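Participant: For the record, the sequence lines run as chains A and B. So the first sequence is numbered by the working numbering: it starts at 1 and just counts up by one. So the second sequence is numbered by the working numbering: it starts at 1001 and just counts up by one.
What the hints contain is simulated information worked out from the structure, not anything from laboratory work. As the structure is a computational prediction, the values presented were derived from the model and not from experiment. Ideal Cβ placement from N, Cα and C applies to all residues, glycine included. Watch out, some of these pointers could steer you wrong.
Which residues of chain A face chain B? A few of them, derived with a C-beta cut under 8 Å, are [stated by the list, open to error]:
1) Gln97
2) Arg122
3) Asn125
4) Leu161
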Amino acid sequence: MCFGPAGAAKTTILLLMSVVFFFALAGPASAQKRFSKTYPAGQNVRLQLMNRSGTVTVEGWNRSDINITATLEAPAANIVPQNLSGTIVVNLVKDNQGRPEVGNVNFTIRVPYYAQVDIETRIGNLNVSSVRSGLVRAKISSEGDITLTNIGAAAVSAENLTGDIFFDGEIQDGGNYRFSSMKGSINLRIPANSNFRFVATAPSTRSISMGDFAGGDLNYLSDGRRVAGRFGSGAATLSVTNQQGGIRFIRR
Amino acid sequence: MNCEVCKELLSAFLDNELDESQAGLVREHLAVCSECAVVCEDLSAILFTCTAEAADDLNPSSAKAMWCRISNTIESEIKPPQAELPQPAKGRFWSLSLPQLASAVLGIAIISSLLTVVGIRNYMQPSGDDFTTRSAATMSTFEKVLAKVGLIETPQQSRERRLQEQRSAIAYWNDRVQARRMQWDRVTRDAFDRNLKVIDESVEQYTHILQQDPDDELSVEMLDAVMSDKMNLLRDFADL
């Protein structure tokens, strides 16, 4: 290898470009803040989170702690979690009320698998996985996807306006399951031996695909805009409404 | 002695103008006949008033004339004893004939039956919301009758009322949103507008369907749901 004057110039240019790239990449990273906190959790622990915008991911784990980590985009939001008699409350709407601009906050929260989970956001995606408790509720006020995987809860509610909803979990006897979207697709992946009564309504598209559940006791109502039926003992109640999208049942 | 004779002799009896045998008969009758005894007491009271206090005011031309008038008045009041008008029972201030009584009992029975049925139906189906999402076609005959007489709302009326309530709530929250939306960042404004548009598309769609077919229950239900969604969207963003 030889380095002449031309080679030295090239090396200088490369070094300068590296510096420029470093600062260009480091710029956004330095605009983010991180938040992390851990709370001990009792048997009846409940997570109640209300985000303004950003993605919320909740994962069940086999520990008796709730660990909240968040990345805060600029301008950074205020986060003031509270522990109210076993309920961990994080309310970014209240904590930042009146602020003209608040950056996205992306949460990753680990909860005991038996914790009740009640999460909500104005804009953004919600993901919940590996939770087996009495309640899983996810609501997006406007747009975003809801993904619930490996869920075993007696009461499940997922609601958004624009975006997809995916549920992969058990239907427990006596349980209550409600999925509602304005525009998107709703996919429900449930065990074939589930016992439930259901009403599925897709008024605009009439797209209600029962998949492997098509052989059950089904009634097609209102010109096919609604399907009602029963599987097994019908011990659980399931209600699915998609105003401008389709509904699909998938065997787990 | 019967009542008629007794009353004819009462005036003379009180004036001590009867012989002893007639006076004795009158006394015996008064002892057993409460009706004549009451008349006798009234006459005595009048006589006492006239003689003790009001003699001057009344100024009768003569005692005989006065007694004649009193006697005539009493006779005119008591004359038709044969008609035997039913004496009103003590404390009974109304009287009904048998048909009136039967009608009253029937009326009470019908009204109480209606109230019982309405009460039971309300207990069994207490949700007003259900009624707002029903069509007139699903009304029972009984409900139609009640709606006709104005005892209950028709589904149409119920739906109109519910829609009006929802529109009022939406207008309220919309004012709140308009007051705040200038403070939102562009991403929030765009997301809000996009989703409001999606909801309004559905509102328009169901309103159109219901104009074509007011009895389409599913569209009634869905319109109710999307109006609630619209209200929730406005309320949620009014907090920002």
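Participant: Would you mind marking each hint as holding or not holding in the structure?
Facilitator: Now the hints, each set against the structure:
1. Gln97: Holds, because the Cβ-Cβ distance from Gln97 (chain A) to chain B comes to roughly 7 Å (cut-off 8 Å).
2. Arg122: holds, 6 Å
3. Asn125: violated, 13 Å
4. Leu161: At about 5 Å, which falls below the 8 Å cut-off, the nearest Cβ of chain B leaves the hint on Leu161 (chain A) intact, so it holds.
The structure does not agree with numbered hint 3 stated previously, though it agrees with all others.
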